[in-house]
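Please take these sequences and the hints and turn them into a complete structure.
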Amino acid sequence: MARVHLDDVTKRYEDIVAVDEMNLEIRDGEFVCLVGPSGCGKSTTMETIAGLTKPTEGTVTIGETDVTNLPPKDRGVSMVFQNIALFPHMNVYENISFGLRLRKFDTDEIDRRVEQASDVVQLEGMLDREPSELSGGQQQRVAIARAIVRKPDVFLMDEPLANLDAKLRVHMRTELQRLHKQLDTTIIYVTHDQAEAMTMSDRIAVINAGELQQIDPPLVCYNEPKNRFVAGFIGSPSMNFVEGNLTDDGLTTDHFDLEFDSDGLEPIDDDVTMGIRPEDISLEREADSATSTSETIEARTDVLEPMGDEIFIYLSLDGASSEMMTSNEASTASNQLLMSVDPDTEVGEDESVSVVLDRSKVHLFETASGEAITHGIADLSDATPTASVAPEAESGGQHE
Amino acid sequence: MARVHLDDVTKRYEDIVAVDEMNLEIRDGEFVCLVGPSGCGKSTTMETIAGLTKPTEGTVTIGETDVTNLPPKDRGVSMVFQNIALFPHMNVYENISFGLRLRKFDTDEIDRRVEQASDVVQLEGMLDREPSELSGGQQQRVAIARAIVRKPDVFLMDEPLANLDAKLRVHMRTELQRLHKQLDTTIIYVTHDQAEAMTMSDRIAVINAGELQQIDPPLVCYNEPKNRFVAGFIGSPSMNFVEGNLTDDGLTTDHFDLEFDSDGLEPIDDDVTMGIRPEDISLEREADSATSTSETIEARTDVLEPMGDEIFIYLSLDGASSEMMTSNEASTASNQLLMSVDPDTEVGEDESVSVVLDRSKVHLFETASGEAITHGIADLSDATPTASVAPEAESGGQHE
Amino acid sequence: MENLGETGFAYLLLTPVMLLLGTIALYPLLRTFELSLYQNVLSDPEFVGFENYVQLFTGGASPRFPGSTTFLPGVSTSGSFPFVHLEGLLRSALAVTLLFTVVSVFFETIIGFGQALVLDQDFRGRRWVRAAIIIPWAIPIVIQGMIFYLMFHPSAGFLTEPLANWGLVAADNTLNDPMSSLLIVTVADIWKTTAFMALLILAGLQSIDRSLYDVAKVAGATKWQQFKLITFPLVLPALGIAVLFRTIDAMRIYGLIDSVSGCTTVPSLSCMVVATFNTNRGLAAAVAFVTAGVIAIAVLGVIYQQYKEGF
Amino acid sequence: IYGDSTSEDAVVWGIDPNADEAVGDEIIDLLEENGADGIDIRLQPGDEDTDDRRDSYTNLLQAEETQPDLFLMDNGWVNVFIQRGHIANLSEELDDEDLSLVEDEYFESFTQTARDPETGDLYGVPIFPDYPTMQYRKDYAREAGYDDDDFEEWATEPMTWQEWAELTEEIVEASDAEYGLATQWDQYEGTSCCTWNEVMSSFGGAYFGGREDLFGPIGERDVTVDEPEFIEGLQMMRTFVADEADEHTLEDEYPLGLATSDITSWTEEDAREAILSGEAVMQRNWPYAINTNLESDEGDDLTVDDYGAMPMPYAVTEDEAAQPGTGGSTSALGGWHIVLNPNSQNKEEALEVIRATMTDEFNLGMFDLYGWVPPKPALFDTEDAESVEPMGNYMQTLRVAGENAMPRPVTTVWPDQSSLISEEVNLAVAGDKSPEDAAADLQDGLEATEE
Amino acid sequence: MGAASDSTQTADDEMGPLERWTHGVVNDQEKRNRLYKALFYVAAAFFLVTTLFPFYWLLVLALTPSVRQADWNVSIPLLGEVPFPTPQGFNVYAFVEVFQQVPFHLYVFNSFVLATATTVIVLLLASLAGYVFGRLEFPGRGLMMLAILAVSYFPPAAFLIPLYDAFLGNAVYIPFLDIELFEPPRLVNTPGSMIMPFSALFLPLSIFILTTFYSQIPDGLEDAARVEGTTRLGALFRVIMPLSAPGVATAAVLTFIAVYNEYFFSSIMALQNQPEQWSPLVGGILSYQTQYTTDFNLMAAASIVGVLPMLIIVVVAQEKIVSGLTDGALKE
Ligand SMILES: Nc1ncnc2c1ncn2[C@@H]1O[C@H](COP(=O)(O)OP(=O)(O)OP(=O)(O)O)[C@@H](O)[C@H]1O
Ligand SMILES: Nc1ncnc2c1ncn2[C@@H]1O[C@H](COP(=O)(O)OP(=O)(O)OP(=O)(O)O)[C@@H](O)[C@H]1O
Ligand SMILES: [Mg+2]
Ligand SMILES: [Mg+2]
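Protein chains in written order, with the working numbering: chain A, 1 to 400; chain B, 401 to 800; chain C, 801 to 1111; chain D, 1112 to 1562; chain E, 1563 to 1894.
Don't take each hint at face value.
[Claimed, not checked] Derived BS3-like pairs: lysine-lysine, alpha-carbon spacing no greater than 27 Å straight-line:
#, chain 1, residue 1, chain 2, residue 2
1, C, K1028, E, K1593
2, B, K454, E, K1593
3, C, K1028, B, K551
4, B, K454, E, K1599
5, B, K551, B, K581
6, C, K1023, B, K626
7, B, K551, B, K626
8, B, K551, B, K454
9, B, K581, C, K1023
10, A, K151, A, K181
11, E, K1599, B, K551
12, B, K504, C, K1028
13, E, K1593, C, K1023
14, C, K1023, B, K504
15, E, K1599, C, K1028
16, A, K54, A, K151
17, C, K1023, E, K1599
18, A, K226, A, K151
19, B, K581, C, K1028
If you're looking for bench data, these hints aren't it; they were derived computationally from the structure.
Spelled out as structure tokens, the structure:
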């Protein structure tokens, strides 16, 4: 029930800038996920909002009040801490009811609320256990219950579900969403789980090295990442990147070319990086004719990783299967592509395959700055694709 | 480099049985993931192997030695703890090198190994920070580095990647796999991340309420779950379950029937539950003719959840969109199905659709015991499917 | 109140402490310091500046100390090695105080640590053992003094003879013999105040996060290594406090000496303060300040250690 | 909670704890019988250690406490309290009648210690003078063949130390006694003011060159400690204590081991009990010890027949004495006065109590009860005193002792000097230091205090 | 050394018994555990004997009617006469007599009031200071800690006279200037005149103890409490203090006992050794020692009686406070 606004917030620890001139406007009732690499400043941002850390510079506003100098208790926020931080000297009931008891709720109300909250997190019957007698996930659930029991204006949740199993996590997600709707609270949520960020949030804020990269609805971040960092960070497995040069006729890389009309694009120079998500690459033979497929690219399959509901295929563009190749690493090397296919697709390891890209899903970024140039080249192309591929170039391509 | 064998291990805390007659045989050099709901006894199992907890009953064998009464230090194991537990009075370097210093490695060797390990977890340049100056993810990485630096026979890792972002997690997975190959160690790994379990492990051990449910290679667990618990637990989003009755001609549910020859099946009674994964349901109009599709089922789309690389569609079988419907909950209600489709599929909310199931992916379980009866009814059916559906039955179906 | 900022908040919280210490400690100390600049305070006060201090260090004050005691040991230089000789060490308040402090604090630390380790274990009857180990600390000094005084009392005691046979104490006039008395006082002090150490160290031990031991065990630490690498460094702050305050306390020893043997036999610094109090109040005040100075120097090391640990 | 103390109206008298324990109730009775009836009198025992008692009285009076109303004060301290204005001027408080009684009837020299030296005003009324004697076990002496005739002679004729030592040795050998002499030789005031002072004087020695200079002026008198007579006295005492002869003992003149070496940590009560229990033949002690030992039902249930007293032995006569006014049998002059708290809320009653203490009946009664020697020469010499049981039997000895009393040299620096003296003297006798060194060190130390 | 007996004979043939035993200890976990156990019990027993022996001696003294005549030797076969005190007689009457002479209950009451009040004040103030020094960063921190510590450098006598003067009701002057500040009320013979100096003098120790312990509580817990709605002070009393229970209890016990045993100030501030003047228990005991210096059995009996309340506190309260609260300590 309150807008949260960070205005030019910077937090510096001696030599480290944990948060760097962050401007973040979170609307009343919004559900925003903060994502970003480990150590990028998410927790610090949360602490700044909660009032646990005074920003070195900048102001924090909650609702209409400048709370920069207000103590946490007067900010109307509740928080789930990344490190859980249960009070070891209180049992589960006391932990959950702590905030209510501070506010002198009457016992019946406290009991009712604690019961409700412990139902939500499925901790019934554990109310009189000590924290040391709980499993990791159970502890985390207590922490969540402690936060939700108070029904504040703003929820801050720092990886609240990290220790829960998939099933429970799904359940908790649902409950949090339900809570969000019921209470109409503003929720700021840190997660490393892409699915969580995608399904729960109204908007995702991507942070890198203390700087806000993009804040947009999940699908916008997914489909129209503002820069290469966001593109690579959102989506799992990660987007494939191939470096190349922009010509008037399209893109040239060491291993293949893409033709399109680059007139409308205005990169600072010709060095561009192409990005394509694994699911936007398909085997030529299975390609959906409806989508605007690109030129055919010849490659060899390297490792196959069956995931149950899909299979990851690691493609080597130069035909060489890199020594000591480990699956998840593939997408980071410039001469390799990762694609995902249906689980029943019949393909073996070390086979020659022809693949095509979905031209509407091809992203281009300035190599130097990482800024996005365009998302989708389908509309740029003047004609249907013609095969003009340069398969199996020598080795090369080790640009970094 | 050592086999780990739990023989009838039980661990009881006062009134709670944390581990219940666990028999677990982990082969030399194997990578096994323990998965299971929060509080099911995974951490306790790990502690029993490490020697931090004496089993109430049963024996633990590592290599050829009965280690039940051996102290942890003589078991040749190293462990990443779920609660991280860094030494607060040591900086990162000292934390990582702790085990080596105990063993009086010489300084050069220690330096070399610490550098190597900190490279693996990407902590370069943070070696002289204090734990309190690290972010949650950074702390976890220190904990991992502390474990891997020692190169023991058996690695125990209790949710080592829970606090890491997707990208780093992928990286760490790779590194752990590389380590596994290089050192040929036995790794026992607790995770809540399905992708982790699926991609990394040789076998997955599914635990529920202290009891081992199934231990098998990932795809076996995924495709041939031993019981309804495993079926529901493995895979995200979870498998859909619909209760019904087994007749001679197949399966009858409140909303649809499936025809097949049930002669060969031997359930204890006629109450069976059908299970089908979201990705094994497809729109009739898009169904791949190659797969053996089932009878058509009429349904209404309810909520659509675009995930970027796929869309989750919540189907309501009885046409009623349940009030306060929240997406992730759908798959648990018997009158609803969750399906996943390609992101470019054109389908709106609240539309009538016809869907088909992949008969080869239909699972049947005894409702009472949850035991699996069969996986795939394609081979059982005597003929090609004929539509004999009972679409839009009244309401009903609220069996639980 | 909380938006004062860290510094303002800190000073606000310290106000009551500072008020109390200001009135009850600082004010009297200033008055006493003033006193130390006078002589003949009781009969006919005369401002003499730092004369009292000068006399302390030049030996001029010794006649006003009880008996033959002095502040500094006598120093003589002679040809034989080591060329500088200290004389009358056991007559010197400074030397006796330092000697007593070093020996008693050393043994108290060692034994106290041992006791704390024992008490940190879980075993049946622990509460009784704990009570037994702590109870000497609960003994008033006058009783403690009496216990040891009577052990060596010529007519009531039983220890003089056997200990004299071992050459530990003088056989005759034991409690008037400086060496024997110092030994007895030291042992009595160790007996009593070891509990102080044990209690503080025990508290430190109990505050250690038990999961750290799990980590250490799996990392391969033996019991000794767990102690050296986890237990010891983590109780070090508590141990430091204990040693710091024991050192300070030991350097102010008075009551025990007074009740076991007497200030002329075992002349500690505090003894000199009390002994000159009713005769030479200015000198007493000066000795008090010098004592504080000596203590400040003596605990520098410990303070530095604590400072590094982050106080 | 302690607001309304019931003892507010009572007259409280701060008194010696041993006396209180032994005869506290009787003292009150005695006071009441002699004019203080109707007054609620309470005795408040102080520390046994007189120095501590003095310190606590100093605090009380400095704090202007209203109680105790009366104090029993050592003649050695009264002067200090007078100087500080801490005690009431009885010349103003008492009637002329009472004042002249003090003037006329009391031992004047003793009363003098209760007067302001400058104005001559009276601040305390003497309760009892105290003269130590050498007390001995007649029963043991009889075993050595001595009889009442001998005892009678000993009672008034001082012996030389040599004679006395031989005699004592003889008795020890003839009896169950373990050793001959019990005395006080701890490091405390009693050794410097009294026990050693007596021995030193009997050897013709003095701290500050004879009687004249006892009370100063400080700095203008000689310190006469490093002198042959002083050293010889120490050597004699050392000989008594030593087990074996060495260069510091005078084994040719005096027997070795006549005293127990324990005396180096003994004070009055230790010695008293030693003779009571039959360990020792002789003890040097104050008169109270006679009374207490004879009344005691502990130890060897002693009677007058078993217990004698003699004046302190001596080494040289007054004529031979090196320091003027010393030599011959010497008893340290002790004694106590009663003084009034100027802040007392019950002054009238308190003065009544003082008056009661001035009655002959009280003086004799206390002599009887506890051996407090009457402060009036008239009582001292009368039949009345001699008829008191058991103390009357020792009157002759006490008189001799009183005639040979030696005051302690109390000046403002005496406390410093006292502890120095007792330490050196104790160490010398205990054998921890040679008498020569002790005397030399003491000479230096005392000179430094005299500056 | 019977531990060696169950090791197999063949392998151990060349080794001496000690070597064999060491070998066993080094290699056999069970034996090692047994060794630890044994060492542990030896240590515990040693500590017990050494701490308790003086009390035994006290008891012997109290029960022996005539200490002076006692013979402390006992004969032990082989060793002959060994000096070891045993009660010579059994005079329980000493304990009765002690009570007849001194109103112990009043003294004990005084001591409890003084000790409790001081402990409460000290814990409160030291908690504030400990929080500030342990958990806040601010300029002047080190210096102020040193200043507080410096208070404890001075012999108590250095404080005595000015305080005594002031508590007598004499005017307080600015040092060196002779300017009269005000005239305080007369506090001698009241609890205030003792509690105030005790609090000031015992404060530094508690501040340092609590600083140490408070600084070790993870920030996260305080953060959690603050977000939940406490002020920083609220977090101090609700979270930090309970979590530092061992330290707080230790500070409390040390302060309480120190006050209970204090005599230097109380003997001056309670002008006479009377329970009505708030003289503490030590005063009561001391009145035995100082008044009747040779009644050893009475002295000993008085001491035992005086120690008993402490013993009860130590046994009951100590256990309750320290281990009762340590359940909350940072054990996982
Ligand atoms: N010390 C203890 N005392 C009592 N019960 C305990 C204790 N430790 C664990 N338990 C209980 O034992 C069960 C198993 O705990 P365990 O920590 O093994 O779970 P887990 O599988 O690791 O769960 P999670 O995924 O949440 O970490 C839980 O129900 C837990 O509450
Ligand atoms: N007290 C501190 N002192 C110094 N540096 C700190 C401190 N706290 C955090 N940092 C640093 O600030 C940066 C941001 O930390 P923060 O905890 O906000 O990261 P995060 O985004 O939450 O990371 P994670 O996902 O790993 O939890 C990190 O590099 C961290 O090392
Ligand atoms: Mg974080
Ligand atoms: Mg766990």
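Verification of the supplied hints:
1. Distance hint between K1028(C) and K1593(E) is fulfilled; the C-alpha atoms sit about 23 Å from each other, no more than 27 Å.
2. Taken as a hint, the K454(B) and K1593(E) pair is honoured in the structure, with Cα atoms around 18 Å apart against an allowance of 27 Å.
3. As the CA atoms of K1028(C) and K551(B) are separated by approximately 24 Å, the hinted pair is consistent with the 27 Å bound.
4. For the hint pairing K454(B) with K1599(E), the CA-to-CA distance comes to about 19 Å; that is within 27 Å, so the pair holds.
5. Between K551(B) and K581(B) the alpha-carbon distance is near 12 Å, which keeps this suggested pair within the 27 Å criterion.
6. A C-alpha spacing of about 45 Å is found between K1023(C) and K626(B), which places the hinted pair above 27 Å, so the restraint is violated.
7. At most 27 Å may separate the alpha-carbon atoms for a hinted pair to count; K551(B) and K626(B) exceed this at roughly 35 Å.
8. The hinted pair formed by K551(B) and K454(B) meets the criterion: a straight-line CA distance of about 24 Å does not exceed 27 Å.
9. A hinted pair counts as satisfied when its Cα atoms are at most 27 Å apart, and K581(B) with K1023(C) does not qualify at roughly 33 Å.
10. In summary, the hint linking K151(A) to K181(A) is supported, as the alpha carbons are separated by about 12 Å, within the 27 Å threshold.
11. Restraint check: the Cα-Cα separation between K1599(E) and K551(B) comes to about 33 Å, which exceeds 27 Å; the hinted pair is violated.
12. For the suggested pair K504(B) and K1028(C), the alpha carbons sit about 14 Å apart, so the restraint of at most 27 Å is met.
13. Simply put, K1593(E) and K1023(C) have alpha-carbon atoms about 15 Å apart, close enough for the 27 Å limit, and the pair holds.
14. About 16 Å separates the Cα atoms of K1023(C) and K504(B), which keeps this hinted pair within 27 Å; it holds.
15. Restraint check for K1599(E) and K1028(C): the C-alpha separation of about 20 Å stays at or below 27 Å, so the hint holds.
16. Restraint check: the Cα-Cα separation between K54(A) and K151(A) comes to about 24 Å, which is no more than 27 Å; the hinted pair holds.
17. Restraint check: the Cα-Cα separation between K1023(C) and K1599(E) comes to about 13 Å, which is no more than 27 Å; the hinted pair holds.
18. The hinted pair formed by K226(A) and K151(A) fails the criterion: a straight-line CA distance of about 35 Å is larger than 27 Å.
19. Between K581(B) and K1028(C) the alpha-carbon distance is near 35 Å, which puts this suggested pair outside the 27 Å criterion.
The structure fails hints 6, 7, 9, 11, 18, 19 (numbered hints given earlier, in ascending order).
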